[in-house]
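Engineer: Here is how the chains run, residue by residue.
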Amino acid sequence: MTFDILYIALLTLLLLAGVWAVMTLNLLKSAIGLAVTSAILTLLLFLMDAPLAGVFELSVCAGLITVVFISAISLTKPLAGAEAQARDRSRVKRFIFLPIIIVIVGAALYALHPQMDLSLPPAGAEMDVRQVLWNVRRLDLVGQILVILAGVFGVVILFKDQPDAKEPQGGTKS
Amino acid sequence: MMAHAQALFSTGVIFIILLAVTALYCILFSRNLIRILIGLELLIKAVTLLIALAGYITGHMALAQTMIITLIVIEVVVIAVAAGIVIGAHRHNQSLDVRTLRNLKG
Chain V
1 MTFDILYIAL
11 LTLLLLAGVW
21 AVMTLNLLKS
31 AIGLAVTSAI
41 LTLLLFLMDA
51 PLAGVFELSV
61 CAGLITVVFI
71 SAISLTKPLA
81 GAEAQARDRS
91 RVKRFIFLPI
101 IIVIVGAALY
111 ALHPQMDLSL
121 PPAGAEMDVR
131 QVLWNVRRLD
141 LVGQILVILA
151 GVFGVVILFK
161 DQPDAKEPQG
171 GTKS
Chain S
175 MMAHAQALFS
185 TGVIFIILLA
195 VTALYCILFS
205 RNLIRILIGL
215 ELLIKAVTLL
225 IALAGYITGH
235 MALAQTMIIT
245 LIVIEVVVIA
255 VAAGIVIGAH
265 RHNQSLDVRT
275 LRNLKG
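Here the protein sequences come in this chain order: V and S.
Our numbering puts the first residue of the first sequence at 1, with every later residue one more than the last.
Our numbering puts the first residue of the second sequence at 175, with every later residue one more than the last.
Just chain S, with the same shape it has in the complex (with noise of 0.2 angstroms):
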């Protein structure tokens, strides 16, 4: 039972890994601010899915349901506000281009 939730974690364990990378490459390579979003949704996609798999492993799924709503709630919040900001930015700049949020820079 115990190698069989060894295996289970670790390969949940490599493709959560694999999910982050892609979700930082995402972010780091991007341009667009959207896309930027896009990756870090991505990233707490995997972080969800670490909780989840600790949670069933370890025999507390209670508590990795709540931690993993509590997660929700504020990934939606943090998105809401990007959203919000990253229109506000389309508005100013007329683009979506990082690149071009240079207003600070110096």
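Same shape as in the complex, but just chain V (with noise of 0.2 angstroms):
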């Protein structure tokens, strides 16, 4: 009983986080949005016995990426006076519908609750996640490593100081 109050506590403040993070006008406070809705999902995980994943989720998406929004966030100049209040008004205007469609498809998705079918396969075995992690899916590893290979290298690529290259002289025009 105390389980599924915390899992419906859990999923509602995780969809409230989700929509503030989206809908709030300050790109800072949008990005400590994101972070409360990992932190949030770090409680979910915990609750499905996932300590595992609920420390990667913790401190991956809710330390390291937070840090890697604010870092792209402070690196880029926001708008200010009458072109920042315009933009705000504008943006306003967009994300006004966004509550009324998450109440709508909310609504129709609680009135449909009994007819989904969501047939469930039988539990299986349990194993230890380490077991799984270093023995079933060992090439998923592998895959990590080139994924994190690749991302390092994209980042280096992207802020490589190149040398000014000159326009060529008679080039095509479109």
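The set of hints was computed from the structure by calculation and includes no laboratory data.
Among the hints, erroneous ones may be present.
[Stated by the list, open to error] Chain S side only, calculated, beta carbon under 10 angstroms to chain V, not exhaustive: (1) Gly186; (2) Val187; (3) Phe203; (4) Thr244; (5) Val255; (6) Gly262; (7) Gln268; (8) Thr274.
Even glycine gets a Cβ: it sits at the ideal position worked out from N, Cα and C.
Put the two chains together into one complex, using the hints given.
Structural biologist: This is how it looks when you write it as structure tokens:
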């Protein structure tokens, strides 16, 4: 019973934090909202007996990715003055429908709830997560290493200091 | 037990769909590149929750955790590279508006 109440409360908080992250006008607050969403997801993962995934989610998603977002926001120049006010007005007009859509979709899903055919497969024998990670899904680790290397090289190439390339004289222009 | 698991899964799926709708709305209607990345992050959060929920209900939590860890690694790399591209686009165009990225149009 306690599990169910916590589960529903955390799911509701997760959705509210996600909507707040999308709807808030300030980009920094939006990034913080995303970190809060990650923290709530971590609590849900702990509740569902997934502590290792929860720790990864908390340290990497709520920590590292928030730092990446805040760095990107601070490295880019925000709009100011009348331009910022016009952007905020336009944004409010575009996002005012989001809560309405969420309520309509939520109500429709709740009404269709009994008709959903979510047949579940039989539960299998539980193994240790380390055993699965290092023995069963060993190739995933190779894939992860390759993805990390691709990301590192991508970032290095993106931020590499390039010598000033001169425009070719008489180049084709369209 | 089965009915309880079914109820848990159904409730979770409703919230996951709502979170995915929020993320998709953000991706489709935002004009700021960083906000689009935030929408992508929210979408990945919904997928993470779906994997965890499926693992919890089916009793394959170890496998689900392994897949979540792989997903998180991919997520970090995608966001890091995308943030680099966003900063590069801002240096080039002096704007984060997606409408300014029309150099290849036509």
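Engineer: Take the hints in turn and mark each one as holding or not.
Structural biologist: Right, here's what the structure says about each hint:
| no. | hint | in the structure |
| --- | --- | --- |
| 1 | Gly186 | holds (7 angstroms) |
| 2 | Val187 | holds (7 angstroms) |
| 3 | Phe203 | holds (5 angstroms) |
| 4 | Thr244 | holds (5 angstroms) |
| 5 | Val255 | holds (4 angstroms) |
| 6 | Gly262 | holds (6 angstroms) |
| 7 | Gln268 | holds (7 angstroms) |
| 8 | Thr274 | violated (13 angstroms) |
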